[in-house]
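As a plain string of letters, each chain reads:
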Amino acid sequence: MGIERERGTSETARAEEEARWSEWMTRANAGDTEAYARLLEEIGGVMEQYLRRRFGEVDFVEDCVQECLLAIHRARTTFDPARRFRPWMFAIVRHKAIDMLRRRGTRRRHESQEADPLQRAAQTTDPALALQAAEALRGLAPEQRDALLMTKYCGYSLNEAARREGVSVTAMKSRVHRGIRQIKRILAEDGD
Amino acid sequence: MGIDVRSRSELIRKIARDPAPDARWRGPLQLALLWWFGAWIFVVAVTLAVQPMRPGFGAQLLASPRFAFETLLGVAAGGMAIGTAFALGIPGWGSTRRRIAAAMALLAFWIGMYCYGLANPALEASMLGKRPHCFVEVLIYGVPALVAGLLLLRRLAPLGRCSAGFVVGAAAGAIPALLMQLACVYIPSHILAFHIAPAFAVALIGALAGRLLLREI
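For the record, the sequence lines run as chains A and B. So the first sequence is numbered by numbering that gives the first Met the number 0: it starts at 0 and just counts up by one. So the second sequence is numbered by numbering that gives the first Met the number 0: it starts at 0 and just counts up by one.
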């Protein structure tokens, strides 16, 4: 009974949140800057929680939240008040999250070509901790998970990661690509 | 948008101050219909300007139910493709994969009718109405329709720019390809090689052009 009451309360809270966000976005599209700022603050927090649960306590979550807020801003004219806000928002969040994960390895490689990979790894989040927190990573096959942790979380280049694992660069590239595709599928199953 | 911010709060403050967008002509159905009518008017006009339609095509439509069905199927497939493309412009509006799969399935069914027609054509093969440059015509009528479609789709927010561009391209190529069914010779092997193939090329061009012309969200 207690669990049912809790579920009922949480559903009511979600429905109220949905109505509030929908109203604020409608007012924002009509020119209400205050409503827009309040909406962005609130959904920014929700996005951060969602991304930390899926990807763990990693440094790129804040960048991802800001990219998602910008994407919401660019796409705001497509919000239809007759439809629910959450599916619209989370479709954008999932898209940007996958996009950032894909681009992440390349940018880090260009930023720190000279640094020793072990030194770079020590400066980033402990992959073991990241793994504990990251629901999305837990759904992957071990070789795909290791490939993503090394290239996207610890900043190893494909060459470095391939050498560590004793596989070819092509094989490592394929593991990263399949890992990202699998994460995309896992996030899509999330719904809203 | 060139934003140089250090914190989330600063970002929110900056973007909240942006002026409210122009809300006119943002509905996906509105845009799809606008494109559909405009593209058909354009393709019919230029096709007729180059050479008249095949003599007797109207009587053929009435006399052969399968030929009429092929034609209607082509119209439906193109219409579904452009409807899908503009629906993709609304994030979270149903499953993207399912929408694209349904549109591609209908297009494949239409093309499949011509494959079946290789062994069993809907009409007796004839060189009546031959257009010497039908391959090029499909390409050069399809590309402006594609560009117009992408420029309209920019008003929305398709998340997958390549896939949205491909679907717009398929719709844009389907219109001249279908019109050639009535304007050029009716021989299924000719239709597949000289009308459908360039339409597919327009779809591929759409996938590349989508990456360039559609906004990154």
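These are computed hints drawn from the structure, not numbers from a lab. Please read these numbers as outputs of a predicted model, since none were measured by experiment. Cβ coordinates follow ideal geometry from the N, Cα and C atoms, glycine included. Any given hint might turn out to be false.
What the hints assert, rightly or not - Pairs of lysine to aspartate or glutamate residues, derived as EDC-like cross-links and limited to a Cα-Cα distance of at most 16 angstroms, are as follows:
no., chain 1, residue 1, chain 2, residue 2
1, A, Lys183, A, Asp98
2, B, Lys13, A, Glu134
3, A, Lys183, A, Glu159
4, A, Lys172, A, Glu134
5, B, Lys13, A, Glu164
6, B, Lys13, A, Asp98
7, A, Lys183, A, Glu134
8, A, Lys172, A, Glu188
As the list claims (entries may be wrong) - Chain A is nowhere near these chain B residues, computed Cβ spacing over 10 angstroms in every case:
no., residue
9, Ser8
10, Gly57
11, Pro131
12, Leu158
Claimed, not checked - Restraint-style ranges between C-beta atoms, simulated for each label pair:
no., chain 1, residue 1, chain 2, residue 2, range
13, A, Arg184, B, Ala107, 57 to 65 angstroms
14, B, Ala118, A, Ala14, 31 to 39 angstroms
15, A, Lys172, B, Leu47, 18 to 26 angstroms
16, A, Pro141, B, Gly37, 24 to 32 angstroms
17, B, Ala101, A, Glu16, 29 to 37 angstroms
18, B, Asp17, A, Glu16, 52 to 60 angstroms
19, B, Gly37, A, Arg83, 46 to 54 angstroms
20, B, Leu203, A, Lys172, 35 to 43 angstroms
Here is what the structure says about each hint:
no.	hint	verdict
1	A:Lys183 - A:Asp98	holds, 10 angstroms
2	B:Lys13 - A:Glu134	violated, 33 angstroms
3	A:Lys183 - A:Glu159	violated, 25 angstroms
4	A:Lys172 - A:Glu134	violated, 22 angstroms
5	B:Lys13 - A:Glu164	violated, 45 angstroms
6	B:Lys13 - A:Asp98	violated, 24 angstroms
7	A:Lys183 - A:Glu134	holds, 13 angstroms
8	A:Lys172 - A:Glu188	violated, 25 angstroms
9	Ser8	violated, 8 angstroms
10	Gly57	holds, 42 angstroms
11	Pro131	holds, 45 angstroms
12	Leu158	violated, 4 angstroms
13	A:Arg184 - B:Ala107: 57 to 65 angstroms	violated, 24 angstroms
14	B:Ala118 - A:Ala14: 31 to 39 angstroms	violated, 58 angstroms
15	A:Lys172 - B:Leu47: 18 to 26 angstroms	violated, 52 angstroms
16	A:Pro141 - B:Gly37: 24 to 32 angstroms	violated, 54 angstroms
17	B:Ala101 - A:Glu16: 29 to 37 angstroms	holds, 32 angstroms
18	B:Asp17 - A:Glu16: 52 to 60 angstroms	violated, 24 angstroms
19	B:Gly37 - A:Arg83: 46 to 54 angstroms	violated, 32 angstroms
20	B:Leu203 - A:Lys172: 35 to 43 angstroms	violated, 25 angstroms
Hint check: violations occur at hints 2, 3, 4, 5, 6, 8, 9, 12, 13, 14, 15, 16, 18, 19, 20; the rest are consistent with the structure.
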